[in-house]
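So you can see what is in the structure, the chains are spelled out below.
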Amino acid sequence: MEYDIIEQVSELAVSGSPLEEKLEKAVALLADYLAFDGCAVLLLDENGYMRSVAAKCPEALPPYRLGQGVPGLAFTGGALIEVHKEAGDAAWEGIEDSGLEGYRTALAYPLKEKERTCGVLFLRARAKVRLTLLKRQILKLAAMQLLILVKSSEVLNDHHRVYSELLEMQQKLVSSEKLLALGDMAATMAHEIRNPLLSIGGYAARLKRQLPPGSPALGYLEQMGAEIGRIEKIMNGIIRFLKDNAVELKTDDLHCMIDEAMELFADEIAVHCIKVDRRSSGGPLPVLADREQMKIAFDNLIANAIQSMEKGGILTLETSRAGEFAVAKVSDTGGGIDPKYMGYIFNPFFTTKKHGTGLGLPIANSIIMRHKGTIEVRNEGHGAAFIIKLPVAGAAAPNSSRHETGEAV
Amino acid sequence: MKKRILVVDDEEGLRLLYKEELEDEGWDVELAASGEESLDKLEKDSIDLVLLDIKMPGMDGVEVLRRVKEKWKDLPVILCTAYPHYKHDFGTWASDAYITKSSDLTELKQTIRDILGKKP
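Protein chains in written order, with the working numbering: chain A, 1 to 409; chain B, 1001 to 1120.
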């Protein structure tokens, strides 16, 4: 049946295979059906070359530019070109095409959508081949199907890209709105909770001092004091998280900042038998940063890494430069983050630890965001890796600038 | 003669707590429930140090601080607040110390000793 080929290509179109695979199968079917030795789909790439995306070819095709060779001419001319390399063939005269060495017949059919050509279906045969009228019609139909294949895949890719961009933007929006709302809430809470807490804690301490030694109530009051201290610690975390914290930016060295943050943890590292692997690229890493705040951010990340390795492990601290960014990487061997929690770890109050406040990572995140940097997390090796990127301070950047954002609550 | 501290806070529970705790430390303590009242007391009584809450209805602590420093520029003022980030408000820079409210009064007592101990 002459139309079998159309049916076969149509079946390919609705199959779930990737585009490249569909095209590979389609060109092979067409080459067989039309009795050509080679068949290829060439699409225009961003550099102006016609790139073969699928081919059944005994020999590789040369790189064709627009207007070059048989496929290039078919592309620019927007019409079928059929050449037979023999004396008297008007179409062949004046064409140079290194892809046709050893071939006698070539056919290039533009893949055209309305007036816009996006590629060429290119066929070569060593022997002389003359297509019947029916085969020509079938070739035309097959070319259209190939075009549909290519176009539908482009549309699908665009759709996927736009969708993932939208999703990413939506997530950023949700998280920034959450931060703003939380900032307002935290300010109110700080006032409404801290004062009564001070009162309760202060009087409990007075009461404790007035009780006779040995009184059983001493223990109760001790407990009350400790619990109030715990709430106050959480309050401090929330307040640090407030949106309108001022950032005082100065040019500073990222290598030093992370070393300084690390100093605080010398005892803990020894207690948990953690090995520290400090790697740093040569040369200074100048960034515009508020040193105190960045230290808090690194403190939180390092503390987080150490908590994941209570039975020992390797803490790797890496600082390097990648183009316009200074990069700091804090990684551990503590087993990594459960993929189902990956999306939540920067959410305030999210914690998987028994005594965690759920504020360490959100604080680190908000500080880094205020420095126009990014923080990324992924599981790597035997643990989690946090990658912080900050813009490298340019030579033209001011030495010191003070940023006040918003008024104090 | 004992040095006298003026405690300014709109919350009665806190005023009383500060009074008892600071009297135990050996200071004389006067109380004011608002910014306006604190300025009246400063006119009438002799005060050696002001412990000042920032967030109060009516005249707030930043405004009281400004007026105090205009009139009695050597009178020490300790700002006391629930929000540590007031530190970044330049209106508070004139204070002699800045303390975040906490049920542990050790830091506050130490700061008072540091300031009043140094004064003749």
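These are computed hints drawn from the structure, not numbers from a lab.
These numbers come from a predicted model, not from an experiment.
Take these hints with a grain of salt, some might be off.
[Unchecked claim] Rough simulated footprint, nothing fancy, chain B against chain A, three-plus residues with beta-carbon under 8 Å:
hint : stretch
1    : 138-151
2    : 193-200
3    : 203-217
In this text, a Cβ means the ideal position worked out from N, Cα and C, and glycines have one as well.
Checklist entry - Broken hints, numbered, in rising order? => result 1
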